[in-house]
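First to last, the sequence lines map onto chains A and X.
In terms of numbering that gives the first Met the number 0, the first sequence opens at residue 0 and continues consecutively.
In terms of numbering that gives the first Met the number 0, the second sequence opens at residue 0 and continues consecutively.
Worth double-checking, as some hints may not be accurate.
In silico DSBU-like cross-links for lysine-lysine, where the CA-CA straight-line distance does not exceed 30 Å [as the list claims (entries may be wrong)]:
| hint | chain 1 | residue 1 | chain 2 | residue 2 |
| --- | --- | --- | --- | --- |
| 1 | A | Lys-84 | A | Lys-14 |
| 2 | X | Lys-133 | X | Lys-34 |
| 3 | X | Lys-36 | X | Lys-133 |
| 4 | A | Lys-14 | X | Lys-36 |
| 5 | A | Lys-84 | X | Lys-34 |
| 6 | X | Lys-209 | A | Lys-158 |
| 7 | A | Lys-51 | A | Lys-14 |
| 8 | X | Lys-209 | X | Lys-192 |
| 9 | A | Lys-158 | X | Lys-192 |
| 10 | X | Lys-133 | A | Lys-158 |
| 11 | A | Lys-51 | A | Lys-84 |
| 12 | A | Lys-14 | X | Lys-192 |
No wet-lab data here; the hints were simulated from the structure.
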Amino acid sequence: MPENVSSLIAVRDVKVHFPLDSVGSLGRLLGRPPARVVKAIDGVTLDIQPGKTLGLVGESGCGKSTLGRAILQLVRPTAGRIFFKGTELTGLNARQLQQMRRRMQMVFQDPYASLNPRMTVGDIIAEPIEIFEPLRGEALRRRVQELMRTVSLNPAFVKRYPHEFSGGQRQRIGIARALAVGPEFIVADEPIAALDVSIQAQILNLLSQLRRELGLTTLFISHDLRAVRHISDRVAVMYLGKLVEVADSHEIYRRPLHPYTQALISAVPVPDPAVEKTRRRIVLTGDVPSPINPPTGCRFHTRCPYAQERCRAEEPPLVDTGGGHQAACFLLEEVSSGGAARDSAA
Amino acid sequence: MQTPVEPTSTALAPESFELVRGTSLWQDARRRLVKNKLAVASAIVFSVILLAVLVGPAIIANTWGYTYDMTNSEVVYQPPSAAHWFGTDQLGRDILVRSLIGGQISLLVAVVASVVSLLIGVTYGAISGYLGGKVDEAMMRFVDILYSLPDIFLIIVLLAFFSKDLIVLFAMLGAISWLTMARIVRGQVLSIKNREFVEAARAIGVSTPKIIFRHIVPNTLGPVIVYTTLTIPSVMLTEAFLSFLGLGVQPPLSSWGTLVQEGVGAISVYPWHLIFPGLMMTVTLFSLNFLGDGLRDALDPQARAD
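Next up, chain X with everything else stripped away, as it sits in the complex (with noise of 0.2 Å):
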């Protein structure tokens, strides 16, 4: 049984002579992610905020000259308009430029909880999970009683406690958000640490740590990289909540959640000023999503007969 040779446009081969180049499960992986529309438009559309979010401020500074905390007390509430796309806030501010930065924070929140969660979450887990016995109990237990603390409530306090800081906000979620994927990634590392090839690796005489980081956690990276996609917009959906309490992002600084607060004030006069920020945040919570989904489907194991 031989699978076709595909000649790959990608070579990186350094090799000086003649190679046949395998397909990895990553490149499978990404055809069948390419073969998913839903997921290819989330990842277009998503793309497309993410440029937007982090070039648009500036060149609307640079062609309007707004920026994110100039106010104006001629503009008031107005509409949408050539001048202000999205309309302006009481005090005058474009509402773009604010979404835009808003975005940025949101954004930046959730990828700081996400790498957080991915460097501390995979290794703690792997480590639990391979050395098992009474080092899996006691790094577990230790996980379930910081599960067991209401962390919103423990947010709100120390946020009131400390400062209305980002950085604190920042910590906090980061927190938080490597419990789950300790579990996933220990529940992983579970049913692989017993597979032969990794038992193989125990026989070739790897080290431990070589273990965990070569054989077992490569191999954990399917569900790792799905629960990051979908953590992403869970974290960002928790700094607009504690913005909206007023707790997260402070003014002028704005963030999404601090944006539709302000805006669900206004509703019934001035709708734009939650329509838009809104909206903004629906379509990447919705697109992160569909892509979290695409990439399940894609890196699915299962989906491969062997």
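Looking at chain A on its own, in the form it has when it is part of the complex (with noise of 0.2 Å):
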């Protein structure tokens, strides 16, 4: 399939598949492939535009993070092909992919990981610049400097380590990072689910703000629903390493046309007494089943309240339903209309 040439980055059919036996010394140099292997994706095709926010959400272990992390080739995808600016990084070697490193960058789930402790944060923060730009010397530090204050940390603070910053102050060192060699495309991985929720709100603002001052187009991971809905145009639901549905972010909380997309929006709390009262929860029974063994068919089919015979057969594609909202299910019809059944009669 030829790269779409108006979206930044171009994800078809990714696969990335984990080998989880070991087998044994002799058989690793003897290169023996291993028995069994995790499939953490299992076919994504997926685009995303240029200056917008994809959210990407799903349960804990669905592959969100992996997917973020092979586009970025920090996982090589085992099949699959990816794509930025029509640019094919899963064929790039190492050399040519280190050039493009410059034009896409990360911001990593923990701040206490992410960083390391034996780096002052000026040194954290100009190792990019470093690599990719001959500044040096006293032009460097002003460079770090400045952006420390993009991201609002004290520019004095530039000797000191990790170890001295709370955590939001260190996920805006780990953005400052990610914004050094200015890139156009920036993954966060789950960048406030390891802070406080005081702080989360001020690292999500700062987010959405450098993405627009910037103009980044971003691939933001969560599984806050709420914090997805604040920052994305466009929202992508994964379940067990496939895509269930994607549509723009107002249509999907409006609208979810996937059963397992209405369950997650349905267990979101609403702030608000009265409303929370009335509001009716889809509660998923049994747990996600093993990647290394997925069900046959529609994934989804153990958990699903509407799951037929032919969902255990066959697998649903994921077809556009117009106006760019898609969704992986045979039964869209039946599900928004039992949907809608439920709703007024709760």
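Dock the two chains into a complex; use the hints.
Spelled out as structure tokens, the structure:
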């Protein structure tokens, strides 16, 4: 499939499988393949338009972080192709890829783990600049302090070490590092999940402000549906290594089509006691099946309240239902009418 | 949350304007080490021994005119006295000078072996651990093979075969001393390479050698330093053992091992011949071990809550 020219990021049928069993010393030397694999991502196709933010949501372990890492080639996909402005990242060698890194960066989940404890804040932020630009000495330091100001950190702290900062401040350091070389695309992997609630809003607002000012394209990975709603133009929902629904942000919250999306959205509390009392929750039973041995057919059928024979046998494709609202379900009509019927009953 | 700003006296800052200096993990570790009295005492004792061993022989040569290989048949087996503080041996040589020279040799052997173990062990272990997969598998199996060789036996054979040369001894002790270091570093690297800051470095575009030596190795240095301070005494013991067998340092040059060996023969009649060099060696080993323990406690990353 040729790449979509208008997309900044185009993901085409990407799979990421991790070997599970140790094949043993001898087996590894002989290159013997492992018996079982974890199918972290099993065929994902996705586009991100320039300047837009795509929110990627899903339960823990559904593969959303892996997808973010696969796009940045931190994890090499097992199959499929990934394009950045028409350049196929999956076909680049290490040197070419290294040059592309300037244009795409990442903000990590855990600000306590993502900063090298032996480096000063100044060195951490300066590192990407030193790789891609000839700035040194005084000019470099001025640039670093300018970046610190951009993310509302006191520039006098350049000589401090990460352990002397709070979680929110560390995340700002991580953001400054990601922005240091002026990337076009940022993967934010649960950037607020490890922070206190009071700090989450600050970081979220900082991200959205920077995105607006710098015209960044963003993949915002989160399991916090409210945060995603706040920041995203478009939302993709992932379940067990596959996308189940992709739609514009306002559309997906107003009219979720896939039963899994409906359940997720129904679980978000509403900050209004009157509404909260009458709110209907769809409670899913059972656990997420193992990605080592995913269910046949639709992967959600084991927990889906609408599942039928066909769902167990066939895998539903992700189809456009109109207006760029894509969903992967055979029973879209039933599900939406069923949802409507229950809504009126409620 | 702000930790209070500490004015540090070691202001090496070349910056032209006021900066808030941070406390690095090293500075934290040093503070913890200074609080450990046993470790500080050991450091002082070891420094005194080191100083004595380095400058002592020259001072004695100037004051009394004794050197380590100067024999004097008139003062054979003298007990400790004002002229010979540690007494003399069967050839009338001053045992104090011989102990100090012996200390030089013993420490030199230990330092050479430690430097080899640092250079080869850390590099080898870090590369093996970071690259992983087949490379790691092959590199570590090579270490296993060297490990499985009976090293003392090998050294004995080689020393007997070549010459009883100090260089050969150094090379052999160096060759076996890096194996454990490589394993320790590899284990550390395995746990560190999956930390997010390493992935962050990859995402930034940092090259692999830079990731290994700038991001990973500095974070393994705690255990490396501790292991090095414990390698020094163990190599000294191996050298003493070889010298005791007559395979290490050859007379008239001395090491603590050869002195102890000579002393053992005369233990019932001339105990000072054994006691003084033995004591020096024991005190050195003790102080290095205590210092190593103190360093381990000070550098323990678990001591910090974050």
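Going through the hints against the structure:
1. A:Lys-84 - A:Lys-14: 20 Å, holds
2. X:Lys-133 - X:Lys-34: 45 Å, violated
3. X:Lys-36 - X:Lys-133: 46 Å, violated
4. A:Lys-14 - X:Lys-36: Distance ~58 Å between Lys-14 of chain A and Lys-36 of chain X Cα, so the pair is violated.
5. A:Lys-84 - X:Lys-34: 58 Å, violated
6. X:Lys-209 - A:Lys-158: Answer holds: Lys-209 of chain X to Lys-158 of chain A is near 21 Å, not above 30 Å.
7. A:Lys-51 - A:Lys-14: OK: Lys-51 of chain A and Lys-14 of chain A at ~24 Å, within 30 Å.
8. X:Lys-209 - X:Lys-192: 13 Å, holds
9. A:Lys-158 - X:Lys-192: Since the Cα atoms of Lys-158 of chain A and Lys-192 of chain X sit roughly 25 Å apart, the hinted pair holds (cutoff 30 Å).
10. X:Lys-133 - A:Lys-158: Measuring from Cα to Cα gives roughly 40 Å; hence the hint is violated.
11. A:Lys-51 - A:Lys-84: 14 Å, holds
12. A:Lys-14 - X:Lys-192: Judged against 30 Å, a Cα distance of about 24 Å means the pair holds.
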